[in-house]
Amino acid sequence: MPAQLTVDYTKCTGCRICELACSAKKEGLFNPALARLKIVRYDDLGMDIPNVCGPCDEAPCVDICPVYAMRRDPLSRMTYLDEDKCILCKSCAGVCVNGVIKLDTSRMRIIKCDHCGGDPECAKACPTGAIQYGSISQSTIRGRHGKMIHYLKEIERTALAEQTDGEK
Numbered sequence: 329m330p331a332q333l334t335v336d337y338t339k340c341t342g343c344r345i346c347e348l349a350c351s352a353k354k355e356g357l358f359n360p361a362l363a364r365l366k367i368v369r370y371d372d373l374g375m376d377i378p379n380v381c382g383p384c385d386e387a388p389c390v391d392i393c394p395v396y397a398m399r400r401d402p403l404s405r406m407t408y409l410d411e412d413k414c415i416l417c418k419s420c421a422g423v424c425v426n427g428v429i430k431l432d433t434s435r436m437r438i439i440k441c442d443h444c445g446g447d448p449e450c451a452k453a454c455p456t457g458a459i460q461y462g463s464i465s466q467s468t469i470r471g472r473h474g475k476m477i478h479y480l481k482e483i484e485r486t487a488l489a490e491q492t493d494g495e496k
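Counting in the working numbering, the final residue of the sequence shown is number 496, and the numbers go up one at a time with none missing.
Simulated from the structure, these hints should not be mistaken for lab results. These figures come from a predicted structure and were not determined experimentally. Even for Gly, the Cβ is constructed at its ideal location relative to N, Cα and C. Treat the hints with care, since some could be wrong.
[Stated by the list, open to error] Below are the DSS-like pairs computed for lysine-lysine, each with C-alpha atoms no more than 30 Å apart in a straight line:
1. Lys339 / Lys353
2. Lys339 / Lys430
3. Lys430 / Lys413
4. Lys353 / Lys366
5. Lys452 / Lys353
[As the list claims (entries may be wrong)] Label-pair ranges, simulated between beta-carbon atoms:
6. Asp371 / Asp447: 32 to 38 Å
7. Gly374 / Thr433: 30 to 36 Å
8. Ser463 / Glu490: 39 to 45 Å
9. Thr456 / Arg485: 25 to 31 Å
Starting from the given sequences, assemble the full structure and let the hints guide the process.
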């Protein structure tokens, strides 16, 4: 299997060094808003989850692009943006399940992760090893995905319970 970014969210401390390293490499400045990944904090669970662009089972960003500016590598299943073709319709950003395709309003362009051409700065900078880059087995991916789904369902259940309690 080709190399990809993987996340062990149990190791993430929420330090956001990965976001700073990404924006520094891509933009030449420390600005987490311009990072190609996003740390999401779940205060109720005391968790921070790095959202990275990875090989989605489906690639809605590719399917929705009206000018074929987004493409998917058939081997790695990673998606890539051709900035020269992009018309800034923002459809890809709207359907990105990880929320990591963004509009950079200062330069009016779409930004997304390209794994730094195979040497991702976020993985190199992560002090805990929560973000890594390399080959990974499907069973490991399924196991980590299953744990994340469990926690996200717990978040949803807790939110619904709080909403129901608030209506009483």
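Each hint tested on the structure:
no. : hint                        : in the structure
1   : Lys339 / Lys353             : 23 Å, holds
2   : Lys339 / Lys430             : 26 Å, holds
3   : Lys430 / Lys413             : 16 Å, holds
4   : Lys353 / Lys366             : 15 Å, holds
5   : Lys452 / Lys353             : 12 Å, holds
6   : Asp371 / Asp447: 32 to 38 Å : 33 Å, holds
7   : Gly374 / Thr433: 30 to 36 Å : 32 Å, holds
8   : Ser463 / Glu490: 39 to 45 Å : 41 Å, holds
9   : Thr456 / Arg485: 25 to 31 Å : 28 Å, holds
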